[in-house]
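Protein chains in written order, with our numbering: chain E, 1 to 144; chain C, 1 to 144.
Incorrect hints may have been included.
Identical chains blur together in the list; that is why a pair holds if it fits in one copy or across any two.
List of simulated lysine-lysine pairs, DSS-like, C-alpha gap at most 30 angstroms [claimed, not checked]:
id, residue 1, residue 2
1, Lys47, Lys132
2, Lys86, Lys23
3, Lys86, Lys24
4, Lys45, Lys139
5, Lys139, Lys47
6, Lys132, Lys45
7, Lys83, Lys108
8, Lys86, Lys45
9, Lys108, Lys24
10, Lys23, Lys132
11, Lys45, Lys108
12, Lys23, Lys83
No lab work stands behind these hints, which were simulated from the structure alone.
There are 2 protein chains.
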Amino acid sequence: MLATGVFDLLHLGHLRFLEESKKKGGPRSRLVVVIARDNTVFRRKGKGPVIPEEQRRELVAALRVVDRAILGREEIDLLGILKEVKPDIVCVGYDQDEIRAAVTRVIKREGLPIRVIRIRRFGPTGFNSSSKLKNRVAKALLVS
Amino acid sequence: MLATGVFDLLHLGHLRFLEESKKKGGPRSRLVVVIARDNTVFRRKGKGPVIPEEQRRELVAALRVVDRAILGREEIDLLGILKEVKPDIVCVGYDQDEIRAAVTRVIKREGLPIRVIRIRRFGPTGFNSSSKLKNRVAKALLVS
Numbered sequence: 001m002l003a004t005g006v007f008d009l010l011h012l013g014h015l016r017f018l019e020e021s022k023k024k025g026g027p028r029s030r031l032v033v034v035i036a037r038d039n040t041v042f043r044r045k046g047k048g049p050v051i052p053e054e055q056r057r058e059l060v061a062a063l064r065v066v067d068r069a070i071l072g073r074e075e076i077d078l079l080g081i082l083k084e085v086k087p088d089i090v091c092v093g094y095d096q097d098e099i100r101a102a103v104t105r106v107i108k109r110e111g112l113p114i115r116v117i118r119i120r121r122f123g124p125t126g127f128n129s130s131s132k133l134k135n136r137v138a139k140a141l142l143v144s
Numbered sequence: 001m002l003a004t005g006v007f008d009l010l011h012l013g014h015l016r017f018l019e020e021s022k023k024k025g026g027p028r029s030r031l032v033v034v035i036a037r038d039n040t041v042f043r044r045k046g047k048g049p050v051i052p053e054e055q056r057r058e059l060v061a062a063l064r065v066v067d068r069a070i071l072g073r074e075e076i077d078l079l080g081i082l083k084e085v086k087p088d089i090v091c092v093g094y095d096q097d098e099i100r101a102a103v104t105r106v107i108k109r110e111g112l113p114i115r116v117i118r119i120r121r122f123g124p125t126g127f128n129s130s131s132k133l134k135n136r137v138a139k140a141l142l143v144s
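Model the full assembly from the supplied sequences, consistent with the hints where possible.
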């Protein structure tokens, strides 16, 4: 099982996504999580995460549901990651359509025996997204 | 082993505190974490946490190092918690001097066979405190 993401401020939506990803592989599956590098996030979104990549990786690795958490490649290298981790399933989140398209393209092109599964959105609204969470934090600080 | 805290935005400082707390009890110890209720935080700090109590509890419970995470009592009731969990050690964080004093007082008064251990500060500066983290988040939003 492979799942990927930024996991900037770890929240319940992340946890549900990872738990659900693990379930898709059955009880004995191993869940490997690829953590997006700071540079990759910066290139894609125009700004970097609040928490540095190694700290994001360590916190995800500390979750019981996660068997291994590794940093992504500096240069996005999907095929490299897929060949290294050799997952049978790649799980993508409800908000990861770009990643889903890219993974599906590589799998088809290379004829890899990998399924792509989309995990639906979880958790109470307002707490299932890092950006909404950041807005809540900023508001709370402004009020105080 | 018992440790307690708010754990509002889970970060590496929290994880290190919990890992270190678990270590103090030896390899076979069980770590029970008491999560401060929203109301308790509000009464003590004049404002509540960003993340609601049940979500904070679930995320802490999902850490491999944590055996059980429970919500505190609505009315602060240290003696009740200590009698329920029956820890041999209570670990307090570097920034939990008030809790440390209160726990020590109850233990002495009741003659309970419990040690109190202070865990030192961990993690890179700026990422080992929820309030510093919140400031980083707010700054990052203002810049963008």
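Verification of the supplied hints:
no.	hint	result
1	Lys47 with Lys132	both (16 angstroms within a copy, 19 angstroms between copies)
2	Lys86 with Lys23	within (18 angstroms within a copy, 34 angstroms between copies)
3	Lys86 with Lys24	within (16 angstroms within a copy, 38 angstroms between copies)
4	Lys45 with Lys139	both (22 angstroms within a copy, 17 angstroms between copies)
5	Lys139 with Lys47	both (20 angstroms within a copy, 12 angstroms between copies)
6	Lys132 with Lys45	both (15 angstroms within a copy, 23 angstroms between copies)
7	Lys83 with Lys108	within (14 angstroms within a copy, 59 angstroms between copies)
8	Lys86 with Lys45	within (28 angstroms within a copy, 49 angstroms between copies)
9	Lys108 with Lys24	within (21 angstroms within a copy, 51 angstroms between copies)
10	Lys23 with Lys132	within (26 angstroms within a copy, 35 angstroms between copies)
11	Lys45 with Lys108	within (27 angstroms within a copy, 55 angstroms between copies)
12	Lys23 with Lys83	within (22 angstroms within a copy, 37 angstroms between copies)
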